[in-house]
Structure formats: structure tokens, C-alpha cells
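Q: With the hints as constraints, model all of the structure from the sequences given.
Its first residue numbered 21, the sequence shown is counted upward by one per residue in my numbering.
Incorrect hints may have been included.
[To be verified] Below 25 Å or equal to it, Euclidean Cα-Cα: the simulated SDA-like pairs (lysine to any residue) are:
hint	residue 1	residue 2
1	368	401
2	368	552
3	368	513
4	407	177
5	45	385
6	552	457
[To be verified] Across the chosen pairs, the derived CB separations fall in these ranges:
hint	residue 1	residue 2	range
7	516	385	15 to 21 Å
8	452	140	32 to 38 Å
9	71	322	44 to 50 Å
10	417	385	18 to 24 Å
11	384	536	25 to 31 Å
12	452	340	19 to 25 Å
13	526	385	53 to 59 Å
14	414	287	29 to 35 Å
15	65	95	33 to 39 Å
Because the hints were derived from the structure by calculation, they are not lab data. No residue lacks a Cβ here, since even glycine has one placed at the ideal position from N, Cα and C.
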Amino acid sequence: MSADRALLDEALERGEEEGGNVEFKERLTRAVHLSDGRMESLAAQLRHRVLSGDGVATYVVGVTDDGGIAGIPPDDFSETMDVLSLLAEEAGAHIEDVETWGVGDSAERGLVGVATIREGAMLDVDDDHIVVGTAGHVDHGKSTLVGSLVTGQADNGNGGTRSFLDVQPHEVERGLSADLSYAVYGFSDDGPVHMRNPHRKSDRAQIVQEADRLVSFVDTVGHEPWLRTTIRGLVGQRLDYGLLVVAADDGPTRTTREHLGILLAMELPTVVAITKVDAVSEERAAEVEREVERLLRDVGRTPLSVERHGVEAAVEEISESVVPLFLTSAVTMDGLGDLDQLFESLPKRSAAEGDFKMYIDRTYSVTGVGAVASGTVNSGAVEAGDKLLLGPMSDGEFREVEVRSIEMHYHRVDRANAGRIVGIALKGVRESEIERGMVLLPADSEPTAVREFEADVMVLNHPTRIQEGYEPVVHLETISEAAVFHPDGGRLLPGDTGTTRVEFKFRPYFVEEGQRFVFREGRSKGVGTVTKVD
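A: Have a look at this one:
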């Protein structure tokens with residue numbers, strides 16, 4: 021994180037006034053500051069600072085008692101934040117945000133940070149939080165639709181609201197998403213809770229804090245070269261629902277059909293939003309709606325027009341076989357109120373009992389915190405301080421790590437349940453050692469890494485027959501890995517359902533019976549279910 025230096029200057033100017041809410045600490049250590057008697061004294065001091073600031077205190081770390089900028093090594097800063105978190109918990113408060121920056125020359129660069137501490141325990145968000153994955157052809161308005169939903173703002177006709185999701189400069193410049201994006205909004209008794217400025221992390225965090233019910237979006241990529249990324253978003257995240265977008269000026273395309281096939285293969289209840297209805301005549305919008313209805317019937321699904329039957333019917337009837345259709349425009353906001361009503365009412369689907377499990381989708385490093393693994397919690401729950409196993413590493417072994425902290429849409433939480441999209445800061449591993457496709461499991465589990473498994477598969481499309489040695493890419497959870505097929509009987513024909521042994525080419529992974537996957541190679545694709553793990 022990079023901080024606004026003005027935040028530090030303000031804290032230094034205010035100083036440690038008697039009765040004030042600012043505290044200076046050079047560093048905190050477990051050995052000294054959590055010892056008998058010392059912890060209670062420091063927790064009482066922290067409580068006093070919080071009460072003096074009407075529920076908010078500021079701790080400036082890496083400075084001397086008189087406010088002189090010292091800077092401390094990153095490992096010491098991480099330990100200081102761990103200790104401060106425990107002190108805050110003891111005082112009935114929590115660390116809401118930490119801003120950091122480096123000081124000194126490059127050879128001995130230290131860290132200074134400003135931690136905002138707020139009264140009350142860290143929030144554990146609602147159990148009805150749903151996760152929606154988008155799909156659809158490039159330039160059909162997925163990101164724009166989601167941007168208008170989460171902000172409540174109309175688009176300018178040029179995809180302005182999509183900038184609230186895309187994070188890479190080249191994506192904004194080209195107007196094309198190249199990786200998964202995330203967004204969130206929520207609902208309270210007063211209606212939708214929108215982000216006032218989605219570019220501010222604090223606004224996203226505030227949604228999590230204020231809303232009684234949350235809706236998170238995993239926005240995928242519509243451009244053909246990044247289909248692998250789209251599959252990762254639809255297969256690797258624990259989604260509750262799919263949102264397929266079709267532009268009224270273009271209609272269903274081959275990509276639309278491919279994305280729909282992936283949603284249906286994952287047995288995901290899906291909603292179709294026909295976008296850009298402001299750009300076409302009513303006759304054209306109706307024509308595209310009929311095209312989508314035919315497409316759905318061709319794959320054995322029943323379309324349900326929300327315009328004819330209403331939102332309540334869509335909420336009641338949506339399933340793996342019934343697909344509601346909405347006519348929308350992010351420019352005029354037509355249909356977005358109906359989508360709000362739908363997302364506010366849809367039940368949570370993906371909550372899973374059992375032990376904690378999370379497949380890792382992406383990793384990054386945060387200054388002063390260290391390695392962070394991001395993904396969707398598959399099952400169970402995780403809390404700050406938990407001991408976990410991470411792996412498998414390239415040699416098939418699992419490593420014990422500790423949960424430093426958990427963030428959800430930039431809001432710190434003390435616990436994350438199944439279905440949450442979170443970033444987990446890990447102690448005991450470097451960011452460079454974590455890879456997509458690894459899994460986090462309880463420390464007392466005994467997982468086994470595998471190089472091969474047996475599966476029942478269905479070949480959806482292939483120009484010839486699949487024979488011994490066929491090498492597609494297998495997408496299972498967040499795993500995307502080249503594999504070798506060894507089908508029973510030596511071959512599988514298009515449309516066939518059969519059994520095959522699947523062997524990862526390069527490294528082992530954690531795989532369980534019952535997991536579903538997609539395999540793809542060129543124009544060839546199919547779906548499968550793991551039936552036996554060796």
C-alpha cells in the first residue's frame with residue numbers, strides 16, 4: 021500500500037496530546053509487548069486512545085516517541101502489526117486500515133505506517149452474501165452493466181462505468197478486459213448501498229461495513245484470446261449464479277454460446293441480461309430476445325421473460341433449467357432496478373459445510389504485510405491466527421503457514437465463511453512461492469498431492485476422436501494445467517460420455533472426488549467429473 025504523506029504529517033502535528041487519540045510506536049514485539057502485565061497495560065492505553073477519538077484511534081508506527089521518523093525493517097513491521105492487532109482485539113477494537121511507505125536509502129530502506137483503529141470487533145459479513153459471475157462476448161457490456169449496478173450511476177454511452185472494474189491501464193485504454201475483475205454492492209433496509217467512488221478502496225470497504233446483504237461480481241473476459249481466463253473465473257470461483265450478457269445490437273454470437281455452455285456445464289443457475297436496448301429499436305430488442313430464447317431451448321433450458329412475468333417469478337423459478345431474461349440499458353438504467361430486486365432476493369447457494377478449503381486464484385505482496393493469497397472460500401471458515409497447510413508445492417509437499425489477517429473488498433474481517441472472496445495474508449511463505457491452483461487447508465488435515473485421477477467425461481466438441489495421449493488444458497477449481505488423457509477403450513467420439521484417466525503433465529495438485537472440470541484444446545472442449553483419486 022502507498023500512503024498519503026499528509027496522513028502522517030497530520031498525525032505528527034496533532035502529537036500525543038494528553039487525552040488525544042494518536043499514539044507513536046517505533047515497534048512492537050511479541051516477546052516484550054505481549055508479556056504478562058504488559059499486554060493488559062498496552063490494551064488499556066489503546067482503549068483510552070480509541071475512546072478519546074470518539075471510537076477511532078491512530079497509531080503511527082516506525083517513529084520515535086517524539087515523532088521522529090525512524091523506519092523499521094519489513095519483518096519487524098509485520099510483527100508490529102500482528103501485536104497491534106492482538107492489542108486491539110483485547111481492547112474491543114480492530115485495525116480498520118494500514119497505510120505504509122518506505123524511508124531511508126535503498127540499501128537500508130525501512131517502513132513507516134499509520135494504522136487506523138476503530139472501536140468494535142472486526143465485522144463478519146452476512147451469510148446471504150451471493151457471488152455472481154459474468155459471461156458474454158467482448159464489447160457486449162458486461163463490465164459497464166456491473167459498473168452501473170454497483171455505483172447506481174448511468175453510463176455515459178462510452179463504457180465510462182466499466183472503468184470502476186478494470187484495474188490495468190492497458191485495459192482502460194483499449195476498452196477490453198484482460199483479466200478477472202471484482203466489484204461489490206449491497207442492500208440495507210433503505211435499498212441498494214452503492215459505492216460513491218469505486219476507485220477509493222475505502223468506499224468498497226464501507227459497502228461491506230454498511231450493507232446487510234452483499235452481492236459480489238466476478239467479471240470475466242469476453243475477448244476470444246482470453247477464454248482461458250473466462251473459464252478460470254467461471255470454474256475456479258465458488259459462484260452462486262451466472263450472468264450472461266448479450267448486446268441488443270449484436271445478438272448471440274459463437275462466444276455467447278461457448279460461455280453459456282460453460283455456465284450450464286458447471287450446473288450454475290443463470291440470468292441473461294440483454295444490454296444496450298437504448299441503442300436499438302423495440303423491434304430489434306424483441307428479435308434478440310427471441311434469438312436468446314431459441315438458444316436456451318436448443319440446450320434444454322426454459323427461458324422466462326421478466327418483462328412478461330415479473331421479478332418475483334424470476335426469483336421463484338430460477339434454477340439449472342429455468343433462465344430469467346432481462347432487457348437492460350446502462351445508459352438509461354432501464355432494467356437495472358429489476359436486477360437490483362433480483363439480486364436482493366436471490367438465496368445463497370454455495371455455502372458448504374465441512375473443513376476450511378480455499379483454492380488460490382491470485383497472489384500479491386503487500387508492503388509491511390507480506391504474501392497474500394486471494395480466492396473464494398470453498399468450504400468451512402477461516403479466522404485470523406489460524407494455522408493452515410499451503411500446497412502442494414512443486415515437490416508435492418504441503419507447508420504450514422499462519423493467517424495474519426483477512427480482507428474482503430478492502431475491509432478487514434476476523435472470519436471468512438464459504439463463498440467469500442477474500443485475500444488472506446500469510447505468515448511463513450514468500451509470495452513468489454505461492455502459485456495459482458494451490459490450496460489452503462486446515463493444519464491438522466493430511467492432504468495428498470496427485471498427478472493423475474480417473475473421471476467421467478463428456479466430449480462436447482471435437483473434430484475427430486479423442487485418442488490415447490490427447491493433451492488438453494484441464495480447468496478444475498483454479499487449476500489450469502496441461503494434462504494427458506488415457507480413455508478407456510482407447511478413444512472417445514464427439515458427443516460420447518466415457519471414462520478416462522487424466523494425468524497432469526508438469527506438477528501435482530490437490531484433487532478430490534466429485535469435483536467438476538472443463539477441458540479444452542483449440543476448438544475442442546468437454547466437461548468431466550472426478551470419480552477416483554489415486
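Q: Next step is simple, just say for each hint if it's right about the structure.
A: Do the hints match the structure? See the list:
1. 368 x 401: It holds: about 16 Å lies between the C-alpha atoms, which stays within 25 Å.
2. 368 x 552: violated, 29 Å
3. 368 x 513: violated, 38 Å
4. 407 x 177: Violated, at roughly 49 Å.
5. 45 x 385: holds, 24 Å
6. 552 x 457: OK: residue 552 and residue 457 at ~19 Å, within 25 Å.
7. 516 x 385: 15 to 21 Å: Roughly 46 Å apart at Cβ, these two residues miss the hinted range, so it is violated.
8. 452 x 140: 32 to 38 Å: Holds, since residue 452 and residue 140 (Cβ atoms, about 36 Å apart) stay within the stated range.
9. 71 x 322: 44 to 50 Å: About 59 Å separates the Cβ atoms of residue 71 and residue 322, which means 44 to 50 Å is violated.
10. 417 x 385: 18 to 24 Å: Once the Cβ atoms are compared, 22 Å apart, the range 18 to 24 Å for residue 385 and residue 417 holds.
11. 384 x 536: 25 to 31 Å: holds, 28 Å
12. 452 x 340: 19 to 25 Å: Distance hint for residue 452, residue 340 is violated at roughly 41 Å.
13. 526 x 385: 53 to 59 Å: violated, 24 Å
14. 414 x 287: 29 to 35 Å: holds, 32 Å
15. 65 x 95: 33 to 39 Å: Because 25 Å falls outside the window, the suggested range is violated.
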